[in-house]
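Asker: Take the sequences, apply the hints, and build the full model.
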Amino acid sequence: MNEADVANEADEANEPVTNGTVTTGTAENGTAVVVPARDARAADPAALRPVRPTRRPPGRSGRLVRLVAPLATLAVVLFGWWYGSVRILDPDRRFLLPPPQDVARVGLLDGDNRAELLGGLWSTSKVALVGLALSIVIGVLFAIVMSQARWVEHSLYPYAVVLQTIPILAVVPLLGFWFGFEFRSRVIVCVLVAVFPIITNTLFGLRSVEPDLHDLFSLYGAGRVRRLVRLELPAALPAAITGCKISAGLAVIGSIIADFFFRQGDPGIGRLIDIYRQRVATEQLLTALFLSSLVGLVLFWGFEALGGFVQRRRSSRPH
Amino acid sequence: MEITYTPGRSPVPVARLRSVSMVFADGTHALDDISIELRQSEFVSLVGPSGCGKSTVLRLLAGFEVPSTGAVETTGDTVGYVFQEPTLLPWRTVAANVTLPAQLTGLPAATARDRAGDVLRRVGLTGFERHRPGQLSGGMRMRVSIARALMLRPRLFLFDEPFGALDEITRERLNEELSSLFLTEPFSGLFVTHSVPEAVFLSTRVLVMSARPGRIVADVAVPFGWPRAPGLRYTPEFAALASRVSTALRDACEVTS
Numbered sequence: 001m002n003e004a005d006v007a008n009e010a011d012e013a014n015e016p017v018t019n020g021t022v023t024t025g026t027a028e029n030g031t032a033v034v035v036p037a038r039d040a041r042a043a044d045p046a047a048l049r050p051v052r053p054t055r056r057p058p059g060r061s062g063r064l065v066r067l068v069a070p071l072a073t074l075a076v077v078l079f080g081w082w083y084g085s086v087r088i089l090d091p092d093r094r095f096l097l098p099p100p101q102d103v104a105r106v107g108l109l110d111g112d113n114r115a116e117l118l119g120g121l122w123s124t125s126k127v128a129l130v131g132l133a134l135s136i137v138i139g140v141l142f143a144i145v146m147s148q149a150r151w152v153e154h155s156l157y158p159y160a161v162v163l164q165t166i167p168i169l170a171v172v173p174l175l176g177f178w179f180g181f182e183f184r185s186r187v188i189v190c191v192l193v194a195v196f197p198i199i200t201n202t203l204f205g206l207r208s209v210e211p212d213l214h215d216l217f218s219l220y221g222a223g224r225v226r227r228l229v230r231l232e233l234p235a236a237l238p239a240a241i242t243g244c245k246i247s248a249g250l251a252v253i254g255s256i257i258a259d260f261f262f263r264q265g266d267p268g269i270g271r272l273i274d275i276y277r278q279r280v281a282t283e284q285l286l287t288a289l290f291l292s293s294l295v296g297l298v299l300f301w302g303f304e305a306l307g308g309f310v311q312r313r314r315s316s317r318p319h
Numbered sequence: 001m002e003i004t005y006t007p008g009r010s011p012v013p014v015a016r017l018r019s020v021s022m023v024f025a026d027g028t029h030a031l032d033d034i035s036i037e038l039r040q041s042e043f044v045s046l047v048g049p050s051g052c053g054k055s056t057v058l059r060l061l062a063g064f065e066v067p068s069t070g071a072v073e074t075t076g077d078t079v080g081y082v083f084q085e086p087t088l089l090p091w092r093t094v095a096a097n098v099t100l101p102a103q104l105t106g107l108p109a110a111t112a113r114d115r116a117g118d119v120l121r122r123v124g125l126t127g128f129e130r131h132r133p134g135q136l137s138g139g140m141r142m143r144v145s146i147a148r149a150l151m152l153r154p155r156l157f158l159f160d161e162p163f164g165a166l167d168e169i170t171r172e173r174l175n176e177e178l179s180s181l182f183l184t185e186p187f188s189g190l191f192v193t194h195s196v197p198e199a200v201f202l203s204t205r206v207l208v209m210s211a212r213p214g215r216i217v218a219d220v221a222v223p224f225g226w227p228r229a230p231g232l233r234y235t236p237e238f239a240a241l242a243s244r245v246s247t248a249l250r251d252a253c254e255v256t257s
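Heads up: the sequence lines are chains F and Y, in that order.
Position 190 of the first sequence, counted from 1, bears residue number 190 in my numbering, the numbering being contiguous throughout.
Position 28 of the second sequence, counted from 1, bears residue number 28 in my numbering, the numbering being contiguous throughout.
Hints in this document: simulated from the structure, not taken from any laboratory.
Being a predicted model, the structure only gives us computed values, none of them experimental.
A hint or two may mislead.
[What the hints assert, rightly or not] Some chain F residues close to chain Y (C-beta under 10 Å, calculated; not the full set):
| no. | residue |
| --- | --- |
| 1 | Asp215 |
| 2 | Gly221 |
| 3 | Arg224 |
| 4 | Ser315 |
All C-beta atoms, glycine included, are put in the ideal place defined by N, C-alpha and C.
Answerer: Below you can see the structure in the form of structure tokens.
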């Protein structure tokens, strides 16, 4: 044992051991060696102390917290908003940030405004849902094709990444020329924005199958199709759902961006946002913002519930 | 010890490695000129230091790997293979996991159902058909894995250290159950393990492998009859045999280390 070891041992003890150490002769190289005198303490039962818990005590009532915490955050944000609007802003500048109650009154409680907003929301949601559904189909198909052969993956994957990096605003005019300025182009923008997370997550899931399971399927002579249907796709399901969760929000964003540019057909909420911007109708602008976030949130929750269901089915404890 | 049945060394071989060497693509020299013959009704254990290529022997026999040189021969039937992990499909019920081999090889569904009930009874899992792997203990999952391998009634059964991750009590119980399965089912077994008592308890013969590149350094016959009572482990004869295997194993480890 060298001095460094001894020093480490002393460090690791919970309290200083200076009073419990003795010097015991010299080591072979002639330096004095200090070792902790374990016996001194062990002989004295009074020296035993209860173990101090090093783990943080677990939080109580997880369910209540999960419900109350977000509501508390909301209350704080609403209060800050109200305070900023009513107490900090001059009345003649209040249009920049109208207080929450005004937003609710003008945006939601006024029948005409509400009808206009909900109409726009529905149009945008339709585009987002169709875009998301197409993204799921295209994304999963892409992932499957790429999972089947490395050369396919190497041929396609870089361009899937490009999909993620092309400035969507630069593509929009082209899409307009090619596909018109209505529903079709909006859906395409939506897919361009939302498809990538589904491709990557599904591909990751397909590749996550344990090698032993692949060996098992080889043992029983399973071909590509059976392996895909009975092994790879079910194994990829949780990851694919995670991809959908991410893409759900992106689909709504894509749909709103598309509203801005493709102005034919029924107006989506993106176009309404543009109109409110020109009219400086901040109340409606904020309402539009909340409603469209809500659509993304509902989709996200939907996939979250689906993911939870799949997970529970797979790892449930005995009932 | 009462001997009611001894699976003799029938002359019929069910699996054979002839002068097999295995060098992997990364340069790992796993096996060096190894020859093993497994005959009908034999249960052979393969013990050896970690990384000596024991699993490679099984993987060669299952067709998962192709030898660098030498010949690997089996009867050509589908072998039973039990992996280190239970390797169950978590989304399938126990019954559906067990019928997987039947499904993949195109056995009629009715036959598969009957056999599934039968093999689950043999491993003591009747009543758990509708459970999912996530609801079972480690030992029970391993039983499902064994039941699944029994589905196609293999003549050659390969075990890749299946009980290594289980606690001692469960491991001994499963050893005993596997031993009685061996008595009632007409298969020959090749069992890879790190545990000398396990190898001696289960086998008609224990092969000791050297450290990598693996070679067979000892071939110890186990003369105990069947059925083997749990108490066999505490007899002097058992201890003597285990000690012989242990010594061979220690020598095998020291050759290279």
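Asker: For each hint, tell me whether it holds in the structure or not.
Answerer: To see whether the hints hold, each was checked on the structure:
no.	hint	verdict
1	Asp215	5 Å, holds
2	Gly221	6 Å, holds
3	Arg224	13 Å, violated
4	Ser315	4 Å, holds
Hint 3 from the list above is the single one not met by this structure.
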